[in-house]
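Peer 1: We have chain Z; now place chain P onto it with these hints.
Protein chains in written order, with UniProt numbering: chain Z, 1 to 290; chain P, 1 to 290.
No lab work stands behind these hints: they were computed from the structure.
These numbers were taken from a predicted model, which means no experiment stands behind them.
Positions of the beta carbon are idealized from the N, C-alpha and C atoms, including for glycine.
Fair warning: there could be bad hints in the mix.
Simulated restraints on C-beta separations [to be verified]:
(1) 110(P) - 255(Z): 25 to 33 Å
(2) 275(Z) - 50(P): 40 to 48 Å
(3) 255(Z) - 63(P): 37 to 45 Å
(4) 179(P) - 44(Z): 29 to 37 Å
(5) 187(Z) - 77(P): 25 to 33 Å
(6) 44(Z) - 40(P): 53 to 61 Å
Only part of the chain P face toward chain Z is listed, based on derived beta-carbon distances under 7 Å [what the hints assert, rightly or not]:
(7) 56
(8) 114
(9) 152
(10) 154
(11) 158
(12) 159
(13) 169
(14) 196
(15) 197
(16) 200
(17) 201
(18) 203
(19) 211
(20) 235
Protein chains: 2
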Amino acid sequence: MAEAAQADWLAVEWLDGHLSVWAMQGSAVLDSCEGAASVDSLESFIDALSSLTADLQVPRRLPVFVAGLPVTWSEATPRPVPCDAIAPDTVAVKTESFDLQIIPGLRQREPSGLLQGAETRIAGFLSLNKDWDGVICLPGATSVWAQISAGEVVSFQSFLTGELIAILGAEGPAPKDTALDDTAFDEALSDGLSRPERLAGRLASLRADRALGEMPGPTAQARLAGTLIGAELAAARAYWLGQTLAVIGPEAEASLYMRALAQQGAPATQADAKRMALAGICAVRRGKAD
Amino acid sequence: MAEAAQADWLAVEWLDGHLSVWAMQGSAVLDSCEGAASVDSLESFIDALSSLTADLQVPRRLPVFVAGLPVTWSEATPRPVPCDAIAPDTVAVKTESFDLQIIPGLRQREPSGLLQGAETRIAGFLSLNKDWDGVICLPGATSVWAQISAGEVVSFQSFLTGELIAILGAEGPAPKDTALDDTAFDEALSDGLSRPERLAGRLASLRADRALGEMPGPTAQARLAGTLIGAELAAARAYWLGQTLAVIGPEAEASLYMRALAQQGAPATQADAKRMALAGICAVRRGKAD
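Chain Z extracted, bound-state conformation:
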C-alpha cells in the first residue's frame, strides 16, 4: 500500500464563526475541510482545530499559519495602515497540538478600524494580481472597503451591514435557499442610497410589514439587504466612485454587492473568498521563508 502524501503544514482561516483548513505540502493542497465553530479563546480555537482536523491525520506540532484570530487571544499586535498588504512576519505560539504562526490583522486610527482576517484575503488577491491598484470590497459579517496602492493597504472603512442583515433577517422565515427578489432588492437599494439617513426608520417599516404578515419572506429579506447595502454604498461612495474595483466574498454576499455596484455604473472583478484566503496565507508563509 502506497504511503499517502504527508502534510507538512496547515493553512487556517477563522472568520465570521467559520473555520477553514487546508492540509498543505509546500504549495500543494493535499486536503481541506471546513465547518462552523463556536470559539471564544485561543484554547477553544485549538480544540476546534483539533476536532476538525482529526480525520486528516496530521502529525502533532505541525506548523499552522492562521489568519483571522482576534487580537485579544493571540497577542499578535495588528499592523497600522498604511502598510504592505502581505504581512512580513507572524507571531509564533507553540501549543501541545500545533505550532501556530499567527498572521496579524490591520489597525487604522481614524476612522477607528480593525481587520482580522480580511487583510489576508486582500494579501491573497494582490499576490495573484501583481501591481493591482484600486479598491477591494470584502462583504462579510463586517464588510470592508480597502484602498490599495503599490502593494499597500492605504486605508479602509468597515460597515456592520452583514451582521445587521443576519440579526434583523433572523426574525422572519429564513429565505436563504430561495431566489432573491431582484426587484425588491433594486428598489430598496436605490432608496437606501439616496436617503441613507432614513435607515433606522426603514428597518422599522420592514418590521411592521413582517408583523402584519403582508410581505413574503424573500421579498422582506431582499428589501432588508437592499436597504442596508444601499446605505453602505452611500457612506462608502468615496471608495467606489471612479475606482478600479474588486469584490472578494462568499458567492451569495458578493453577488449582491456586484449587482449593487453594477447598477451604479461601477463594475467590479469578483474573486472567491476562500481561494483568496489560502493565497494570502501562502504568500505570508513564502515571505517568511525568503
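Peer 2: Same frame as chain Z, but now just chain P:
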C-alpha cells in the same frame, strides 16, 4: 378578619417583552405586579399572565383590558391612522382563565408602520392632558414619533434604535448600572445628527475600539446610544423641529431623548411610561362603558 378589597378587572400591558398588571376596582389600583415574560402566542400570554397574577388571588374569568398584544395572536385588527387616540372599542376573547378585552394597535400605510402598545401610552397621555397638540416621542425597543392633533394620532414614524442599542451593546460588558458618559454621548449624538449616513460605518468603528479593549464599557455604550439616537433625530427632524414635544418612556431611555432634544433647543415634557399605559387602558375602558 376584614375581607380584602376584591379586584373587578385587570389592566395589562405587554410591551418589549415585559408584562405589567394592575388589579383594579373601578378606577382605583388595588395592587400591581410586573415581570419579564417570554411569550410568543396567545396561549403562552395567558400562561404568563396566570403565573404572574397567582399571588393576586383574582377570580376566574375576570375582565382583562390588555394593550400591546401582537396582531398575529389577537385578531384585533389595528386601526388605520389618522384616528382617535383612544380606541373606541376592544376585541373580546374569552378564555378559561380570563375574559380578555384586547385594545387594537395602530396601522399606517406610508411609511409602513405598526404600533402595538405605544398607542395606549399615547391615549393615556392625552386622557391626562386634554386638548394637547404636538408630537409624542416614545423610546423603547422600537421608538415612535407620533403627531397628535385634536385628540387624533395623525401620523407616526418608528425607528429600531432601542433594539439596535440592545443588540450591539450586548457584546461588551453591560454598563447598565453605571452612570452614562455624558461627554461621549453628546459627541456621538452631534456626530450622528450631522452625518447620519455614516451610521453603519460608525458602528463598525465602535466595534473595532471594543475589540482592541481601548474603550471603557460605559464610554462605548454612551457612544453607541449617542450615534443611534443622533441618526434617529436626523431622520425624525420634521417631527420635533419647532413642535410642542412630550417624551413617554422608561426613565433611562427617556432621559437620553430628553437630553438629546434639549441640546437641539427642543425641550420636551417627560411622562412615565407605565403611568401613561395604565391611564390609557383606563381611558379605553371608560370609553367602552359610556
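Peer 1: Against the structure shown, which of the earlier numbered hints fail to hold, in ascending order?
Peer 2: 2, 3, 6, 7, 9, 10, 13
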